[in-house]
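With the hints as extra help, turn the sequences into a complete structure.
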Amino acid sequence: MMEVEVISGRTLDQGATVEEKLTDEYFNAVNYCELSEEDYNALGLAEGDKVKVKTEFGEVVVFAKKSDELPKGVVFIPMGPYANQVIDPSTDSTGMPQFKGVKGSVEKTDENVLSVKELLEVI
Amino acid sequence: MLVIKPKVDFVVTVEAEITPDLAEDLEKAKNFEVYYGKDKVKLKELFEITKEGDDKKLVLDGDFSKVKWIGCRMEDGEIVVKGNVGANCGAYMKGGKITIEGNADDWLGAEMSSGEIVVKGNVKNCVGCAYYGDMQGMKGGKITIEGNAINYIGEKMAGGEIEIKGNAGDFIGTEMTNGLIVIHGDCGFVGGDMKGGEIRIGGKFELMPTFKKSEEGFVGDVNVGGKGVVKTL
Amino acid sequence: MHHMLHIKNGIVIDTKNGIKAEKMDIFVKEGKIVEESEIDKSQCKVIDASNKLVVAGGVDMHAHIAGSKINTGRTMRPEEMRMVRQIANKFRASVGRVLLTSPAIGYEYAKMGYTTSFEAAQPPIGALHTHEELDAIPMVDKAALPVFGNWHFVFKYVAENDIEKLKTFIAWAIERTKGFGVKVVNPGGVEAWMYGGNCRSLDDEVPNFGVTPREIITSLIKATEELNLCHSVHLHCNNLGNPGNFETTIETMKLANGFSNDKRQVLHVTHVQFNAYAGSSWRDVGSGAAEIAKVVNGMDNVTIDMGAAIFGHATAMTGDAPFQFTLHKLLGARWSNKDSEVEGGAGIVPIMYLPKNPVHALQWAIGLELGLLVESDKVVLTTDFPNGGPFTEYPYVMAMLMSKKMREKELERVSPYVQKAANLPSIDAEKTLDEVMHMTRALSARVLGLENKGHLGVGADADISIYDFNPNEIDTSNDYEIINKAFRNALYTIKGGVIIVKEGQLVDEVWGTTYWVDATNKVDTEAIEEDLDKYFELYYSVEKEHYGVEEAWIKNPTRLVMG
Amino acid sequence: MAQKVICTFCGSVCDDVEFDVEEFKAKKFCKLGRSKFSKKERIKAPMVDGKEVSYEEATQKAAEILVNAKKPLLYGWASTVNEAIRLGVILTEKVRGVYDQCASVCHAPGTLAVIEEGLPGASLGAIKNRADLVIFWGSNPMEAHPRHPLRYSMSAKGLLISGRKDRKVVVVDVRKTKTAKKADVFVQIKPGYDYPIISALRALIKGEDIEVDEVGGVSKEQLKELAEMMKSAKYGVIFYGLGVTQSRGRDRNIENAVKLIQLLNRYTRFVIWPMRGHYNVVGSGEVPAWEVGYQYAIDFSRGYPRFSPAEFSANEVLQRKDCDAALVIAADPVAHFPKASVKHLKKIPVIQIDPFPNMTTLVADVVIPSAVYGLEAEGTAYRMDGIPLRVKKVIDTEYWSDEKILEELLKKVVELRGE
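Chains as they are written, first to last, in my numbering: chain A, 1 to 123; chain B, 124 to 356; chain C, 357 to 919; chain D, 920 to 1338.
Certain hints may be false.
[As the list claims (entries may be wrong)] Taking lysine-lysine pairs in the BS3-like style, the calculated list, with each CA pair at most 25 Å apart, reads: (1) C:K376 <-> C:K760; (2) A:K103 <-> D:K1095; (3) B:K217 <-> B:K243; (4) D:K1095 <-> A:K65; (5) D:K1109 <-> C:K512; (6) D:K989 <-> B:K153; (7) C:K776 <-> C:K761; (8) A:K52 <-> A:K108; (9) C:K446 <-> D:K989; (10) B:K167 <-> D:K1095; (11) B:K327 <-> D:K1109; (12) C:K446 <-> D:K1331; (13) D:K1013 <-> B:K163; (14) D:K963 <-> A:K117; (15) A:K66 <-> D:K1095; (16) A:K72 <-> D:K1139; (17) C:K376 <-> C:K467; (18) D:K1013 <-> C:K467.
[What the hints assert, rightly or not] With the Cβ distance kept under 8 Å, some of the chain B side facing chain C (calculated, not the full set): (19) Y255; (20) G256; (21) D257.
[Stated by the list, open to error] Just the calculated beta-carbon pair ranges, DEER-fashion: (22) B:K336 <-> D:G1136: 34 to 40 Å; (23) B:G348 <-> D:S957: 52 to 58 Å; (24) C:G688 <-> A:E121: 50 to 56 Å.
It is worth saying that the hints were derived from the structure and are not from the lab.
Ideal Cβ positions, reconstructed from N, Cα and C, are used throughout, including at glycine.
Okay, structure coming up:
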C-alpha cells in the first residue's frame, strides 16, 4: 500500500466516449488509474494489473497504468464514475466537490473492476 | 420562553427566520410563517410549540440541521439549540445569544454586528463571513466554536472575535480588515490579502508567503499593504 | 388584449404637434392613434382621463439594457439582485436594485410610462446575445446601436479616406448586427488600450493605423449622413471621465460643423455629464457644463443627452475599456474587461455616488446643469443607465429640472464643494412641464428618427401614458413631490393600444418590437467583400458566414429600410 | 457534399468544421467533435418507469412530478441551447424549484471570483491577434479542447502574431500533461498550492520580496522568472482550467489570479479566461443571469430567485437531501457527481431529457429523448468566451428538441397549477 494524492480530470478518450456511457469504450476510457513510473514499479505492477484506490470517502478497483506525466505520489483517474467513488464530495460551501487533490492510498489487488452498471448498484 | 420541537422528519429544508421576539406571544409564534420547500406554512404545522415562563428565549429541542436562518437578524434575547442547526444561523445578528449544543452548518454568524454565538460541536464553512457581493463580514460580537471548523473563517471580517477551540481548514481571515481570530488547533491557508486585525493560532498552519516576520509575529499581506498580524498562541 | 380605446377628456401635452396641456380625446385602433371617425364607439373601451396628464409613452434613447455588459454586471453583483420587486405570479419574478433582470427592465419602464428603450452599445460580434436579451424584455419597443469607433475596418477605410467603402461597411455591419445606427465609443482609444494606452485628445494617433479620433468621427458622420440613416452618429467622446475633458467635448462637437440634415441632428453626443469636467485634476475639478451648453445652443445640428448622476448605487459599464480600468484603479473596485476581436472592448466597474463626496456631488450637479442650461429641444433626459444610476429615477430628474425649490433642498445635503465648483446653485432656470415632456418623448424620438414615437398625432404608435395630475392645475416649481411621485407610477400605460399598467400596477404583458435599420439597398456590398473575407480569415475567430444575426432569430422584428 | 457546421461538443465551438450529411461524415473536427457528429446509440422513445410511452404521456408524468414536489432540482443545461435554457429557467421559477447547471462542478468557482474581483478578459479572437504570452494554468487543452491551441491560442495566427514562434507558452500544472509537453516552460506545482503561488507572484511583480525559498514546490528563482516573464509580455493571457477550480482553493484561486491580472495591467496588458467545458455552459449561466439575476445555484422556493452555492448548488442540495425530485437535462450527474450526491438521486423521482442513454438514464423514472443540437436542431450557444453562435440543424429527426419538450412541459405545469 502506498500513500498518494488522487486527482481526476478530463482525457481525450473520456471526452470522445462521454455520450456513449453504457459502452465498453466508455468503460475502458474511465476505469483506470495512472501512476508515475516510480510508484508503478514500487507497487510491482504489470500490464493488466488492478489497483484498489482508497480514500476517506470510499474505495474503487481500477486498472493500473504507467504514466510519464505524473510526479511520484500523485495518481490520476479520468473523471467519471470510478474517480467519483473516491473523491471528496464536500463542496465546503462553494458548490464544487473536491475532484482533485484527495489524500488516499493505492494497493495492488486481485478484485474485479466493476462495470459502470455494477458500480451504480453499490452506491 | 418557548420550547420548539420538530413534529416530523423534514423532506427538504425549512427556512424559519425565528428570533427570541417570538417568545412574547405564543399565538403569534404558532402562526409565524416559514418556508417548507415551496410551501409557506405556519410554524405550528411543522413544530410543536409550548410556552414556559416569560423570558425572551427559544429552546429548540431536537434536530434542526434542516432548519435554516434561525436567529437571523435577532437583536436580543436567547436561543438554545439542543441539537444541530442548519445554515445561516445567526446571520446579520445584532445582539443576544445563540447557543448550539450540537453542530452548526455554513454561514454561521455571517455579517453579524453584535451578540454572541457559542457552538459546542463542530461548524462548517464561512463562519462570520460576508455574503457574496458584500464588502464586510462580521463587524462585531463573538463566535466561539468548541469543536472544529472547515474553510473560510472570518473572511472580510471587520470586527469582533472568532475563537475556534479545535482545528480549522483553509482561508482563515482572508481580506480581513479588523477583529480577532483565535484558533487553538491546526489550520490551513492563513491571511491571504489580510489588511488588518489579528489571527492567533495554537497549532500548525500555512501562512501566505507574502507576510514578513517581525517582533510581534508575521505582518501582512504585503500584496495589499496590509498591517494584519498572524502569530502563534 | 387589443381594444379600441377612447381616452376621454385628458389634458394632453404633445409638443411635436403643438398641443400644450389642452383638454382633448385620443382614439386608438389596432395599436395606432386614429381619427375619431375610425372608432366604433360601441366596441370601444373608454378611459376617463379627466384632469389627468396624457402624453406619449416615454422614449429612452440611451440605456444599457441588454447584452454581455449588463449581464456580466449582474453576474458580478449578486448584491444588486437581492432587491425583490415582484414575486412570480401572473408575471415573472422581478428583481434588482439598479441592475435589473430583463423582465424587471420592461416592467419598471412600463410602470413609469416609458414604452421604448434603446440599448446604446452593442458589441458587434455579440449582437446575437444583445438581441436575445432584448427579446427577454417585455413591455417596451427596443433596438440596439452597434459600436464602430474602434473597429479595424473603420480604421482602414478612414485611413484610406474611402468614404464609399466606409458607407458600405456601415450598411453591411448594421444589417449583420440587426442594429439601429452608428454608435461610437472613445474612437481609437479602445484600440490604444490593447497596448495599455488611450486616445485622450482628438489628435492622438491610433497605434499602427495612422488615424486620429478627429478623422474617425468626421468620416463616420460623413458616411452616416450620405447613407441618410434615421439616427445620426451617436458619440461617446474621447477623454471621458477626466478633469478638463469639457474642452475635448466642445472640440468634438464642432466636428459637426459643415454637416446638416433637415430632419435631425448630425451628431448626438451622449451622457455628456461624464464629459463636462473643468479643472486639471480631481482636486480642482469643476463644471464645464455652461461652456458646453453655450456651444450646443449655438449649433443647430448637435444634440446631447444628460447622463445625469443619481446618488446611490450604480454600475459603470461602457465600451470605453481604458476609462473603466482608470476607474478601477481610482476606486479599487471589482473590474471586468473584454477586448473584443478587432472591434473594440468594454469594461465594468461598480460605483456608488455619495452626496457628501465632492466629486460625486459635482457629477450630480453637472448632469442637472446640462439639463437646465441646454435648450430643451437639444437635450434628452438620461442617466446613461446604469452608469449614472437607475432609469427608475427619471422622475426625480424631471422634478429637479422643473423646481428650483427642490434643487435648493437637495443642495443642502450634498458636499459644499458643489457651491464653488458647479453652476447649479446659481441657476434659476426651471424647465416647464411641456419642456420636460419634450425632453423625454418628442425629442428623444426625433433624435432616433422614430417618426411614430414620442407624439400622439394620428398615425403614431398608440404608446400612451397617463399621469395622475392636471398639468393646468399643478405648480411645477412647488409641487415637485407630486411630480416626482406621479411619474413613478403611471395611472395608465398603454403600449401599442394595450393597457399594460393601471394605477402603477402591471395588468397585462406585451412584447414590443425590435427595430433594425437596413441601408444595404444604398450600397453594393461587393465592394468590400474581399476586405471582409481577408479580415475574417486573418483576424476573426469565427467564420464570416456565421457572423451576425438573421431576422428570423429575433422575436418580433421591424425592419426599417432607409430611403 | 460537406457543409460548414458548428461543433456542439466543447467550449471552443469550432465553426470552421464540415459535415457531409449523405455520408454522415465529419471533416476537420478533432476527436471529441467527431464523436459528437457520429452515429451512436440513442434513447429510442420516451419512457415512464421503463415502459415506452408517447412524448405526451412522458411530459405529462414529468409535469406531475415537478408540480407535486416540494423542492425539485432542475439540473444540467450545459449541452443545450439558450432557447431551451430560457424555458428551463422559467419552468424552475414556475415550479419554485432550484436551478443549477453543470458549471457547478466545472467553472462556477470562476463565477464566484467574478463576484469578488471581476473578469478582466478578452475574446478568443483578441487573444489570437495579440497574445505573445499564453499561460495554461491547470488546463490541458490538448485533451479537453483539442483545437483550441491551433485556432485561438498556442499556434494561432493573428494581427500581431504570425504563429507559434511569436509566442511564449507556459503551463502551470501538477502533471506534465500533453499540453505541458508542448510548452516552452513547464512549472510543476504541488497539488493544492495555486493560491499561495499566485500570492507570491503578485508580491514579486509589485517588487516586494518574499521571505521563503519555495512556494508550493516552486523555487523562488522560478517564481521570479515567471513574474518577470509576465511583466515583460506585451499582451499576456492566463487560460485556467479545472486544475484550479476543482482543487484546494477553488474560487479563491481564481479570485487571487484575477487580482494578479489587475496588477499586471498596471504594467502591461494581461487578461484571464476560463477554459469552459461544454459547448453552451456559458449560455447556461448567461441566460438565467438575464432572466433572474444569477448564473447558477438559484432557489425559487419563495417565488423569487436567491443565489447561494452553499445551499442551492446541485451537490449541496443532493448531499443535504434538500430536494424531493429532479429534472436532469443535457447532463449526467450520476456519472459525474460524487457518490454521496448520487445516493440521493437514486432515492427521488428523476426526469431525464437527453439524446443519449447514460448513467442517469439508469436511475430515471421518466426518460425523454431529445434531438441533438448542431445536427438535428438549431439554436443559440455561447462559445467559452461568450461569443454567440447559432448552431445548425443539418438533418431531420423524429426526436423533439429540448426547446419543444420544455415548451410542452411548461404548458402542462401551468395547466396542472391551474393558472
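Handout entry: Hinted pair A:K72 and D:K1139, Cα distance within 25 Å
Key = 22 Å, holds
Handout entry: Pairwise hint evaluation, C:K467 against D:K1013, where the allowed Cα distance is 25 Å at most
Key = Holds, because 23 Å separates the two Cα atoms, which is no more than 25 Å.
Problem - 25 Å limit on alpha-carbon distance, applied to hinted pair A:K66 and D:K1095 - result: Holds, at roughly 13 Å.
Handout entry: Cβ separation of B:G348 and D:S957, checked against the hinted range 52 to 58 Å
Key = With a Cβ separation near 57 Å, B:G348 and D:S957 satisfy 52 to 58 Å, so the hint holds.
Exercise for the section: Would you check the hint for C:K376 and C:K467, treating anything up to 25 Å between C-alpha atoms as holding? Expected result: 24 Å, holds
Exercise for the section: Would you check the hint for C:K376 and C:K760, treating anything up to 25 Å between C-alpha atoms as holding? Expected result: 22 Å, holds
Practice task
Mind checking the alpha carbons of B:K167 and D:K1095 for me, to see if they're no more than 25 Å apart?
Solution key: 60 Å, violated
Exercise for the section: Starting from B:K327, check that the Cα of D:K1109 is at most 25 Å away, please. Expected result: This hinted pair holds, its Cα atoms lying about 19 Å apart.
Practice task
For the pair supplied as a hint, A:K52 and A:K108, confirm whether the alpha-carbon distance does not exceed 25 Å.
Solution key: 6 Å, holds
Handout entry: B:Y255 as an interface hint toward chain C, with CB separation required under 8 Å
Key = 5 Å, holds
Handout entry: Cut-off 8 Å, beta-carbon criterion: hint that B:G256 touches chain C
Key = Interface hint status for B:G256: holds (3 Å vs cutoff 8 Å).
Handout entry: Holds or violated: D:K989 to B:K153, with C-alpha atoms at most 25 Å apart
Key = With Cα atoms ~22 Å apart, D:K989 and B:K153 stay inside 25 Å; holds.
In this structure, the earlier hints numbered 5, 10, 22 are contradicted, and the remaining ones agree with it.
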